[in-house]
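Colleague: Sequence order for the protein chains is A and B. Sequential numbering of the first sequence, starting at 25, is according to the numbering used here. Sequential numbering of the second sequence, starting at 41, is according to the numbering used here.
It should be emphasised that the hints constitute simulated quantities derived from the structure, not laboratory data. Every residue gets a Cβ at the ideal spot worked out from N, C-alpha and C, and that includes glycine. Keep in mind that a hint or two might mislead.
SDA-like cross-link-like pairs, simulated, lysine to any residue; straight-line CA separation at most 25 Å [what the hints assert, rightly or not]:
(1) A:Lys-127 to B:Lys-160
(2) B:Lys-109 to A:Thr-208
(3) B:Lys-167 to B:Val-187
(4) B:Lys-160 to A:Leu-215
Sample of chain B residues lacking proximity to chain A, with all beta carbon distances greater than 12 Å (derived) [as the list claims (entries may be wrong)]:
(5) Ile-49
(6) Lys-67
(7) Glu-132
(8) Met-180
(9) Gly-200
(10) Leu-256
Computed list of chain A residues with no C-beta within reach of chain B, every gap over 10 Å [stated by the list, open to error]:
(11) Leu-52
(12) Gly-71
(13) Pro-75
(14) Leu-102
(15) Ala-105
(16) Val-198
(17) Gly-206
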Amino acid sequence: MRRGILEKLTVWFSWAAGVTLLSAVSVLLCFLLLKGHEALNPALIFGETPPLRALLLRERVFDGLFPAVAGTLSLITLSIAWAIPVGITTGIYLAEYAEGRVKSALDAFFDVLAGIPSIVVGLFGFAASVFLHRHFSGRIGPCLLISSIALSFLVLPYIIRTTQAALEGIPRDVRLTALALGATRLQNIFLVLLPKSLSGIMSGIVLAIGRCAEDTAVIMLTGAVASAGIPKSLLSQYEALPFYIYYISSQYTDPAELTRGYGASILLLFLCAALFSAAYGIRKGLTHFTLYRP
Amino acid sequence: MNHSADDNIKIRVSDLSFSYRNRPVLKNVTADFAENSITAITGPSGVGKSSFLMTLNRLWEDLPGASMKGKVEIRLQGRFRDIYDRSMALTELRKKVAMVFQTPNPLPMSIRKNMAFPLKLAGERDKTAINARIEETLRMTNLWDEVKDRLEDDARALSGGQQQRLCIARALILEPEALLLDEPTSSLDRGSTVIIEELLTGLKERLTILVVSHYLEQVMRISDRVLEFADETIVSG
Chain A
25 MRRGILEKLT VWFSWAAGVT LLSAVSVLLC FLLLKGHEAL NPALIFGETP PLRALLLRER
85 VFDGLFPAVA GTLSLITLSI AWAIPVGITT GIYLAEYAEG RVKSALDAFF DVLAGIPSIV
145 VGLFGFAASV FLHRHFSGRI GPCLLISSIA LSFLVLPYII RTTQAALEGI PRDVRLTALA
205 LGATRLQNIF LVLLPKSLSG IMSGIVLAIG RCAEDTAVIM LTGAVASAGI PKSLLSQYEA
265 LPFYIYYISS QYTDPAELTR GYGASILLLF LCAALFSAAY GIRKGLTHFT LYRP
Chain B
41 MNHSADDNIK IRVSDLSFSY RNRPVLKNVT ADFAENSITA ITGPSGVGKS SFLMTLNRLW
101 EDLPGASMKG KVEIRLQGRF RDIYDRSMAL TELRKKVAMV FQTPNPLPMS IRKNMAFPLK
161 LAGERDKTAI NARIEETLRM TNLWDEVKDR LEDDARALSG GQQQRLCIAR ALILEPEALL
221 LDEPTSSLDR GSTVIIEELL TGLKERLTIL VVSHYLEQVM RISDRVLEFA DETIVSG
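Isolated chain A (complex conformation):
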């Protein structure tokens, strides 16, 4: 009898938890839409500039979010581009090659890395840019390159861990299949194990994209500014959506500006959603390509 109640309570609790989560997300989305829907128009992104001329970089956008969108997109692309090769190869090393003490030492090390607060990573990136400015070239300062490298450190643990977990989760039979057919270890990793783990690895990359898109602490110390136009080079300062949201919410002068801040938040959500769907699309295509290629 007692057991029956406990069982029912567990089910109820699980339901309640799920419903709470769903309502929290919907309340958040509704709140954002309610507050920001007025700002949702082409002018939010492009200001007074004709959209096509802005997209072709013919004309600079002054009172729109286009530079911030461009900045955030370049930041994500660069950070992920640094983090993917390092993260995946480290994950492969940990899952397939590291043993014993080296493995447990590295495991602990990456746990620590995962736990470092982003503001500390930002501070380190800032210190690094100051150091480079003094000792190498006066042209180097807080910039897109430094930000993206600092961010890639922040998201490395996600990619390493998901790669490692995906590889280690492959059942023994599958792991031995190609080896028993005369595959070398490397052939086995590239032809069987990695294609099998792609979806796991991709979920790590999706997490990393989300983290790069939202992080404010790192970029405000390493190169994001309120007004810079679209990023001109790796060594230039840039605008970013989360930084704009942070800036506008703390410095707004009239309700219209705050509405634009909400509009920027919605834009950031859309951007993330678009990137996630792109990542899932790539995953599907890639799995198909690696396993079924001619």
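Starting from the known structure of chain A, arrange chain B on it as the hints suggest.
Modeller: Quick look at chain B alone, frame taken from chain A:
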């Protein structure tokens, strides 16, 4: 020593001990296996039958926590070779000593690509040669007529018995000299089991076969010799 009997030996195992995660699995196993014969290895589960098979193609080296002592010699291309010697390339050994697992394990690709996979690993690029090999091997395993019209289909769409025969065919495509099978029919129905048993009997003139099996009837039906494992060693055979 009887010379003619010696001539007939394909695999010679001496003083083999094996342990997994510091637990002894096999102790001082010594055995010979004759060429072109089927040897059945039986015994209760957990006595090291599968481990024993893996010492013959060194597959255990890819399992963390396994260790082995002793000597295994296999006559490859007419010459006895210590397979644990430095001169023995691991990939070369596994091409010559093929293995089939308990659960059919086709890779998630088409039937043709599954068959071509070992050839591609070995560096074969000639498409015509690959296709000819595939047809020849599938005919040898009596699978050709069943799959010739659906070579591009996903191999996992085949029935369990067909999948296992495909795995046997895939293992045979590199023309191995010995074939190790770890309970190859334990996940199959009776009809498929009989087909695979007939297949193995037919293959024996080409190579040396070792098959781990739980089923006594099966052992009686197909094997020339039975080795019974218990308590970390061979108790009869």
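Colleague: Each hint should be assessed against the structure and marked as holding or not.
Modeller: Hints, verified against the model:
no.	hint	in the structure
1	A:Lys-127 to B:Lys-160	violated, 33 Å
2	B:Lys-109 to A:Thr-208	holds, 23 Å
3	B:Lys-167 to B:Val-187	holds, 19 Å
4	B:Lys-160 to A:Leu-215	holds, 11 Å
5	Ile-49	holds, 24 Å
6	Lys-67	holds, 24 Å
7	Glu-132	violated, 8 Å
8	Met-180	holds, 17 Å
9	Gly-200	holds, 14 Å
10	Leu-256	holds, 25 Å
11	Leu-52	holds, 39 Å
12	Gly-71	holds, 50 Å
13	Pro-75	holds, 45 Å
14	Leu-102	holds, 34 Å
15	Ala-105	holds, 29 Å
16	Val-198	violated, 7 Å
17	Gly-206	violated, 4 Å
Going through the hint list in order, the structure does not satisfy hints 1, 7, 16 and 17.
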